[in-house]
Amino acid sequence: MKPLRIVSGPACPLGLANVDTDQLIPARFMKRPRSEGYGGFLLHDLRRDEAGAERPDFPLNRAGWREAGILVARRNFGSGSSREAAVYALADHAIRVVLAPTFGDIFASNAVKNGLLPGVLDDADIEDLLAAVQATPDLQVTVDLEALDVRWGNRSAALTVDAVWREQLLNGWDDIDVTRSFAAQIADHAAADDRRRPWARPARS
Amino acid sequence: MAGSLAAAEQEARSAPRTLFDRLWDSHVIVERPSGDALLWIDRHLVHEGSFHAFAQLAARDGVVAEPGLTFGVADHYVPTRDRDHIANPEIARMIDDLEANTTRHGIELFGMKDPRQGIVHVVGPEQGLTLPGLTMVCGDSHTSTHGAFGAYAFGIGASEVAHVLMTQTLWQKKPKRMRISVDGRPAPGVGAKDFILAIIARIGADGARGHAVEYAGSAVRDLPMAGRMTMCNMSIEAGARCGLIAPDETTFRWIEGRPFAPKGDELARAIEDWRALKSDSDAEFDREIRLDAATIAPVVTWGTSPEDALPIDSAVPDPSREIDEARAATIRAALDYMGLRAGQRLSDIAIDRVFIGSCTNSRIEDLRAAASVLAGRKAAVPGLVSPGSALVKQQAEEEGLDRIFRSAGLDWVEAGCSMCVGMNGDSVPAGERCASTTNRNFRGRQGPGSRTHLMSPAMVAAAAIAGRLVDVRPLLEGRS
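From first to last, the protein sequence lines stand for chains B and W.
Heads up, the first sequence is in the numbering used here, so the first residue is 23 and it goes up one at a time.
Heads up, the second sequence is in the numbering used here, so the first residue is 40 and it goes up one at a time.
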């Protein structure tokens, strides 16, 4: 996994609350192999009209914001289904950071496993950042995972990231390799558990 | 004996614990100083969407650590009609891939043509795979359903599915603890779906984010397992990590005799252990919410988030009366998408079709509730009834429920996720309005441009008869 320390550049103001994972990627696209790339499906039905043409007023369709590596949204981003495809769509669109006041728990966990930062700013900072980016579309925004802050213009806001997730993102660590280093403890636990809870394994006749 | 006495003494000395604490503590393998823990996973369920995870496994040349603890179920993409001729080759491939992946790794599969097939969250409990005291995961957010048995059950993404396949463990941060109590007696026609929609409306679609929610109170204890599953199922719609209900005699009776459940002496031993799975009377919760069941009326959603829920006798909100501008904009966008007017009576909303099914409301009790309203009546709109599993379908047919649905004019089809998520081809056409027993009214959830109103099976049945959203209670008068 690619480490993430500092992401700098334009930020796309999505400005919506409750962006659920059905919006991030509609279910009908999830049959495709990942190797085909999921970026084109990102927010597909908000971004395009019924005929499939881009809606010019949608932020992600505007020049400058289309290439943004940072997305700014309101509360409860990534709520709903556990589909990791929602993260694939963001990551394949070259988005590395989503900033919002709150995230769906499963989405946030999926994001970190794919090197995408779910960064929490408080409500007032999100509102300020949305307003600033809308006023100056090419505003340079810097998300600093090491310093735990977000900077734009002469403003700076505290960035909140779970300590474990921060460490994983900064180092590009992969869970499975870490877990395998605990193989002996896992085996001990399983053996003790079979004695302690003999009913826990499925009964097979 | 000495060992269990020592354990009892230690228990007595330790701080009061919640049900969730007990489940958590018994599954921790190691804890890291940074605050997360490696947990043992007792049951893992996979459906067609697991192909991403199996691809990750293949990319690492990984092996499945405990194939006996993972079970496959075909549900998300299975057609609900004519399974011998799947027209869409992409859908056929999803079902074939699940079969190939489970076969390759020695995982038992309830495949499309298995007599035990159904929705993963219906099949797990039905087969006795779901038990109190277990950790259970599945690559599906509605895995919270299984918490109705006193299991710690939660949805995970594809990378975590791959992690469980390869290690039978997961890293998790301990959630905070919330208790939601519903006490008192609900009015006839009001039940679990109304409780949970009322809760989500009150605390918001992210109101339980980061929390393990325990449902308690006399109205919850009075629910049958089906109603308990409905409540725990929709915990995720309040943003909760999981939903839980302490197991009791209702739970134990339900489990006995299920194919994969413990039997004989082993069951007796299990029940003894399961009786300890409850919150101590002096245990502390990070947050407590209380509702009075007697004040809850049948609830429907009007907008595009499950938190947009109101009693049927009220009206669509008016954004011009909203002080918070961001909230007003959200309401305006929802009304625009849903084709509704501010201030419109909910009971004036005409519908185009109905759907009865999904992991939220497709069990035999749900079908009985809908059928008791529909018996001897005709639906004014078309609709689909998809039972939660082939076994539920069989039981419903033995009880004659299929004839009630058919003579009302609704289609009676095979089991699967169907029109809840629109992956298998069952969808609501663009611009059409559906009264649905499902769990999500998100934009486009039931198909591009679809408009969804969530409610209980009885309320969907009433809407089918009236052709609009309507209070079911008058339709229940004189019926059992």
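Keep in mind the hints are simulated off the structure, nothing from the lab.
Note that CB positions come from ideal geometry on N, CA and C, so glycine has one too.
A few of these clues could be false.
Said to hold, decoys possible - Far from chain B by the CB rule (all over 10 Å, computed), these chain W residues: (1) A54; (2) A139; (3) K152; (4) L168; (5) A240; (6) D287; (7) D312; (8) D321; (9) E346.
Claimed, not checked - Covered by chain B, per the in silico footprint, the following chain W stretches (three or more residues, Cβ under 8 Å): (10) 122-134; (11) 481-495; (12) 503-515.
Hint by hint, here is what the structure shows:
no., hint, in the structure
1, A54, "holds, 21 Å"
2, A139, "holds, 14 Å"
3, K152, "holds, 21 Å"
4, L168, "violated, 6 Å"
5, A240, "holds, 14 Å"
6, D287, "holds, 17 Å"
7, D312, "violated, 7 Å"
8, D321, "holds, 26 Å"
9, E346, "violated, 8 Å"
10, 122-134, "holds (count 4)"
11, 481-495, "holds (count 6)"
12, 503-515, "violated (count 0)"
The structure is inconsistent with the numbered hints 4, 7, 9, 12, although it conforms to all the rest.
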